[in-house]
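Every letter in the sequence shown is one number past the one before it in the numbering used here, and letter 72, counting from 1, is 72.
Calculated from the structure, these hints are not laboratory results.
Each statement offered as a hint is correct.
No more than 16 angstroms apart at the CA atoms, straight line, and that leaves these computed lysine to aspartate or glutamate pairs for EDC-like: (1) Lys-27 / Glu-80; (2) Lys-51 / Asp-76; (3) Lys-43 / Glu-3; (4) Lys-43 / Asp-72; (5) Lys-51 / Asp-72; (6) Lys-43 / Asp-76; (7) Lys-77 / Asp-25; (8) Lys-73 / Asp-25; (9) Lys-27 / Asp-72; (10) Lys-27 / Asp-76.
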Amino acid sequence: MRELPPSLFTFSNYNADIPFKVYMDNKLLLGWLQSHNIIGYCKEPSFKAQKGQVAVLFDLEEQGEYWSHISDKMWDKYIENL
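Using the sequences and the hints given, assemble the complete structure.
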């Protein structure tokens, strides 16, 4: 998994639209992450940087490239399961 520059994480491509129910359940979120094409991540995006969060950029097939915040702990779990 590669770390991407903060300039790829902007207001215009924010909100990968992870369903709320999925986002709030670690098991569902892990499955969701594993089932989507992740381009990369950034620890300090240029827009909406949040402590304890990683910005993850997704290729959402027909919708384009969008990103969302994922907790550091959840991101580490995802990386461990690659």
